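Protein sequences appear in the order of chains A and B.
In terms of the numbering used here, the first sequence opens at residue 1 and continues consecutively.
In terms of the numbering used here, the second sequence opens at residue 1 and continues consecutively.
Take these hints with a grain of salt, some might be off.
[As the list claims (entries may be wrong)] Using 30 Å as the maximum straight-line C-alpha spacing, the simulated DSS-like pairs for lysine-lysine come out as follows: (1) 57/A / 49/B; (2) 70/A / 49/B; (3) 102/B / 71/A; (4) 102/B / 83/A; (5) 57/A / 102/B; (6) 71/A / 69/B; (7) 69/B / 102/B; (8) 9/A / 69/B; (9) 9/A / 102/B.
Think of the hints as simulated: they come from the structure by calculation, not from any bench.
This structure is a prediction, so every number in the text was calculated from the model and none was measured.
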Amino acid sequence: DGGITQSPKYLFRKEGQNVTLSCEQNLNHDAMYWYRQDPGQGLRLIYYSQIVNDFQKGDIAEGYSVSREKKESFPLTVTSAQKNPTAFYLCASSRSGGRFDEQFFGPGTRLTVL
Amino acid sequence: AQSVAQPEDQVNVAEGNPLTVKCTYSVSGNPYLFWYVQYPNRGLQFLLKYITGDNLVKGSYGFEAEFNKSQTSFHLKKPSALVSDSALYFCAVSDQAGNNRKLIWGLGTSLAVNP
Numbered sequence: 001d002g003g004i005t006q007s008p009k010y011l012f013r014k015e016g017q018n019v020t021l022s023c024e025q026n027l028n029h030d031a032m033y034w035y036r037q038d039p040g041q042g043l044r045l046i047y048y049s050q051i052v053n054d055f056q057k058g059d060i061a062e063g064y065s066v067s068r069e070k071k072e073s074f075p076l077t078v079t080s081a082q083k084n085p086t087a088f089y090l091c092a093s094s095r096s097g098g099r100f101d102e103q104f105f106g107p108g109t110r111l112t113v114l
Numbered sequence: 001a002q003s004v005a006q007p008e009d010q011v012n013v014a015e016g017n018p019l020t021v022k023c024t025y026s027v028s029g030n031p032y033l034f035w036y037v038q039y040p041n042r043g044l045q046f047l048l049k050y051i052t053g054d055n056l057v058k059g060s061y062g063f064e065a066e067f068n069k070s071q072t073s074f075h076l077k078k079p080s081a082l083v084s085d086s087a088l089y090f091c092a093v094s095d096q097a098g099n100n101r102k103l104i105w106g107l108g109t110s111l112a113v114n115p
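Same shape as in the complex, but just chain B:
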């Protein structure tokens, strides 16, 4: 079955330190992977996606993600965290089954950046 896992419900990091939010996936075909961020009581905002090409994808607000095919992972990273990065982060993968045109979502990881 196709799925996305975000193994950590919450990640805590000090401001200025690097951050990593983990995501692993399982799909039957080529993985098209996405990261979104959600601030409290707001809609989601797209950060970045991997379709093909370079394994390191750069996105909005200084975030990047590394695609690792052998480990079926797509971890979100940022070299230096800001307090304003505190939010809920979602990983998603495109459903490859049949004619489905929808995303399969992880349950989210709450990131807290401490000053």
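Okay, chain A solo, but in the shape it has when bound:
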């Protein structure tokens, strides 16, 4: 089956630790995205990538980092510089990143800082 996988489903982190969230897609999509979802705030874009080895900051990139070394993978690192990282994180992909392409979402990772 084609789709997007995110792991882990739940992640707990101590303050001051960096953590990496995994996102893999087998849809052969060029573009990938990371969103953060908080109650009542909708989806906020962290980073996006339209092609391998290239990515752009979204609206709330501070405290996060990404890499895009392979077309299938777009991991997100939440660094200790992110002051309020507890949230639901969603990864998505689209065919070409064009303005009329729909995005396909993974099941999400819920990060909790202890």
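Once you have looked at the hints, place chain B on chain A.
Below, chain B without anything else, positioned relative to chain A:
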């Protein structure tokens, strides 16, 4: 500024009745509009999109949406609601600024269908 508004935080409807979830937008160019649904603790699922052509767009699970250029609206509709339609619904529009390739999202509308 480009934006999307979903004026209702919550919509309640009885099972079997028609439902409408409202969305209005503001963009500088041609609007490319999307509806997504999110069930609890899950990722979003694409329902439908408007790119060009017919103002009435049909999508998944019996949903449709009506594009109205003069009112800058893209309301989601379904003739007969099911309890299983209860979920969070998001409207989005493609950012038309410069080389941006991202979506501008509404804050979501929680739909509750009562049996």
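(request) Assess, step by step, whether the Cα of residue 57/A is no farther than 30 Å from the Cα of residue 49/B, and give holds or violated. (result) At roughly 25 Å apart (the allowed maximum being 30 Å), residue 49/B and residue 57/A satisfy the hint.
(message) Check whether the Cα positions of residue 102/B and residue 71/A lie no farther apart than 30 Å.
(response) holds (18 Å)
(message) Tell me if the straight-line CA distance from residue 69/B to residue 102/B falls inside 30 Å.
(response) holds (21 Å)
(message) Between the alpha carbons of residue 9/A and residue 69/B, is the straight-line distance 30 Å or under?
(response) violated (41 Å)
(message) So if I understand the rule, the pair passes when the alpha-carbon distance is 30 Å or less; does residue 57/A with residue 102/B pass?
(response) Given pair residue 57/A, residue 102/B holds - Cα atoms ~11 Å apart, limit 30 Å.
(request) Mind checking the alpha carbons of residue 70/A and residue 49/B for me, to see if they're no more than 30 Å apart? (result) holds (29 Å)
(request) Take the C-alpha atoms of residue 9/A and residue 102/B, compute the straight-line distance between them, and say whether it is at most 30 Å. (result) holds (25 Å)
(message) residue 71/A and residue 69/B were given as a pair; does the straight-line alpha-carbon distance stay at or below 30 Å?
(response) violated (37 Å)
(request) Below or equal to 30 Å on CA atoms is what counts here, so check residue 102/B against residue 83/A. (result) holds (25 Å)
Going down the numbered hints, you'll see the structure goes against 6, 8, while the others check out.
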